[in-house]
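Trainee: As a plain string of letters, each chain reads:
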Amino acid sequence: MGMTITEKILAKAAGKACLGPGDNVWVKVDILLTHDVCGPGTIGVFHREFGANARVWNPSGVVIIPDHYIFTADQKAHRNVDTLRSFVKQQGLPYFYDPGTRTYKGVCHVALPEEGHVRPGEVIFGTDSHTCTHGALGAFATGIGNTDAGFILGTGKLLIKVPKTLRFRIEGTIPEYLMAKDIILRIIGDIGFDGASYCAMEFTGEAIRRLSIEERMTICNMAIEAGGKNGIIEPDDKTFAYVQQRSRKPFEAIYGDGNSRVESERVYDAATLEPCVAEPHVPSNYATARSRREVKLDRAYIGSCTGGKLTDFLAAARILRGRKVTIPTFLVPATTEVAEGLIREEIHGKSLVQIFADAGCEDIAPPSCAACLGGPEDTYGRTRSNEAVISTTNRNFPGRMGSKQSRIYLASPLTVAASAVAGHIEDPRDYL
Amino acid sequence: MKTIRGKVYVVRDDIDTDQIIPAQYLNLVPTIPEEYAKLGSYALCGLPDEYPAFVAQGQAKGLYPIIIAGRNFGCGSSREHAPIALGAAGVKAVIAESYARIFFRNAVATGELYPFETPNRLCDNLKTGDEVEIDISASNFKVIGTGAVYPLQELGAVAPVVEAGGIFAYARKSGIIG
Ligand code: SF4
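These protein sequences, in sequence, are chains G and A.
Per the numbering used here, the first sequence runs over residues 144 to 575.
Per the numbering used here, the second sequence runs over residues 1283 to 1460.
Hints are computed from structural coordinates only; laboratory data are not their basis.
Built from N, CA and C at the ideal position, the CB exists for glycine as well.
Treat the hints with caution; some may be incorrect.
One side of the interface only, derived from the structure: several residues of chain A facing chain G at Cβ under 10 Å [what the hints assert, rightly or not]:
{"hint": "1", "residue": "L1345"}
{"hint": "2", "residue": "A1364"}
{"hint": "3", "residue": "G1393"}
{"hint": "4", "residue": "E1445"}
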């Protein structure tokens, strides 16, 4: 019996010729990612368990990208970044993207591939549930807690259960009004918020192959919103072009076998999918955008690991060019590379920065997670009361963007931009 | 016979980690003892306002060693702060219809609490304040007021890990690591 791409990557990392869903195996870890929220606790576990003088298993396997609480006066947040700094120094870690320096990047899941730390066929763990993003480049990647991460720091290994695979085949061409966010929100709406619990979500088909790497990241990023262990897309020429621009390290691309067995397969035709939203308070609360035009909005938000990439801002700018927003519209580029892109990229001779300013958006924030997860009181874009927010982020739980009373509608950057102009939920089709 | 007895706190489906420990408290580091205790005092404070407070204002711990939940408890972020906040607030066990994968694993890895699963939809039958007794070895629990006994799914290999106090303690005890 053949194996899926997820099974084959895990088999290689476990040194086994074959394995299947449900097997518990020790895998060798290529990359451990951590950030300012979970890094200090992970370091605490590492020293408590392996001793004050312990050394990490492989300094170049550890990547530390502070991103959550950066632009805040909160003293503990600063202390936490200091804890990372002294650990990096003590251990001689080469990959640390330090706030306040030229190496600072921003949101870890966009920064990790940008900086060349994601390669096809590798095994990546991160102390953040959206680590599943990196399956977009054909790697096995999943989120873990501090204790497991502390174990990896000391040993470079982790015991994991091989997930079953759910396959999603998206065929056809992608209409200009449809984005990756619409595809993944529809899938989550169909299978439910726990519809992929403990499973790998494999995305395949012609429409997936047509997507850019950034759009593929948007899809894999939200596998966790259906409870998935990992999201994954087989690598292709686009993947190799992206990776080879950013990493010199050799890698071995891994593909599923033709006769691999999956738990279920769903097929979609991209041409029939619609711009949509996820209504409060779970990402599986699917509705088409046009069926929710009566929902009045108080603000719009474009940012985060799933919705703050350059392609997301380019999409929003297509709609905002020559128009005005009617509600406060907050913009947070995920990384410094994205922020530079906003200055560099132009549509009809106008930079994205200029387009957003002319449209009346709020001043663009420096790159970080910002209000995607609420954060400390002084966080840019944080909700304060019962605002209705339309957002390109990935979670609409109660209180996720700050106030428990606020209501969050998740949507693609096109839908968010059209809604920011309309002041209510709007289908972007009429704006393109 | 190992048992856990006490009052239950009842929640419903899809209780995510932002409700268990809201993001503004993630600046606290769980391996620092005072901050571990602080996390406990904020446990479940992100629940919608119709829920009663889990930990009373000014208190370090709650009155409820057992949480009864519906489906998909602990969904959302991978923050280990979530099972830790519950453990620090005095929770010894959660009984849910199902868990999000990372929460279940973190609960076991940290040894903070027993994540029991039950085939019954107890969040409709029990109310906050009811007293129950869990019998870990028999994999069931009894509602003290009515005498009703409900089955729990066997924890299997997970039970000794939680009992030891987490994966590191367990791995040392059983000789997996030095
Ligand atoms: S941008 Fe949001 S979802 Fe992404 S890592 Fe930051 S807090 Fe998490």
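Trainee: Against which earlier hints does the structure fall short, listed by number upward?
Mentor: Hints 1, 4 contradicted; others consistent.
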